[in-house]
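These protein sequence lines map, in sequence, to chains P and F. All you need for my numbering is the position in the first sequence, starting with 1, plus 21. All you need for my numbering is the position in the second sequence, starting with 1, plus 46.
Take the hints with a grain of salt, since some may be wrong.
Stated by the list, open to error - Sample of chain P residues at the chain F side, in silico, Cβ under 10 Å:
hint: 1; residue: Q59
hint: 2; residue: Q63
hint: 3; residue: L65
hint: 4; residue: Y79
hint: 5; residue: F129
Honestly, the hints are just simulated from the structure, not real lab data. Quick reminder that beta carbons are idealized off the backbone N, C-alpha and C, glycines included.
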Amino acid sequence: GAVVSQHPSWVICKSGTSVKIECRSLDFQATTMFWYRQFPKQSLMLMATSNEGSKATYEQGVEKDKFLINHASLTLSTLTVTSAHPEDSSFYICSARGRGGNTGELFFGEGSRLTVL
Amino acid sequence: AQSVTQPDIHITVSEGASLELRCNYSYGATPYLFWYVQSPGQGLQLLLKYFSGDTLVQGIKGFEAEFKRSQSSFNLRKPSVHWSDAAEYFCAVALTGGFKTIFGAGTRLFVKA
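Bound conformation, chain P alone (with noise of 0.2 Å):
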């Protein structure tokens, strides 16, 4: 089946600075990659959806300016936390579907666990 790596796998970083998160589509092109987000024992939510080439949509009550994605390319995503808070401390879950999917299946990454101190 088609994979969805995520890097960095968990991130601990400083109240105050910006991180970046990565998700590659490593053997298929994803026109389209989701970001979500899980507090613990909870399910996911939904934060904005990426197409390549273009700017993302939030979902309402996302910040845009908070959470930056960029889809440059068919394989990657990027997610950057800026002037991260304890807040966002959270796991961050990415999804793409791949060209020509017409049938909605999601392929996930693994996450990544982000703690700000």
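Fit chain F to the known structure of chain P by using the hints.
Same frame as chain P, now just chain F:
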């Protein structure tokens, strides 16, 4: 508004016993339906999916799910649970058009020896 409901926050079953995890959705049309499994600190793995056709779908690891249009349900079943099945299970609905996927709250499965 579209929604996915998993009424059971957690379920405990004995190893070897059968399992059924419930999922109901609210959507104007028949969506694409999925079950995903998540082990602690990991991403999600697709167990099975329903798009159309036979309403009983088979997935990996011995799981199956049945789509019942009249009940707007897509319950997950397994005839005999193994200790390695302990994990969090998410029911998900992909909306037609943009394929935005909405997840249920999840059901945590505990397996006792």
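Okay, the hints, checked on the actual structure:
no. : hint : in the structure
1   : Q59  : holds, 9 Å
2   : Q63  : holds, 7 Å
3   : L65  : holds, 5 Å
4   : Y79  : violated, 12 Å
5   : F129 : holds, 4 Å
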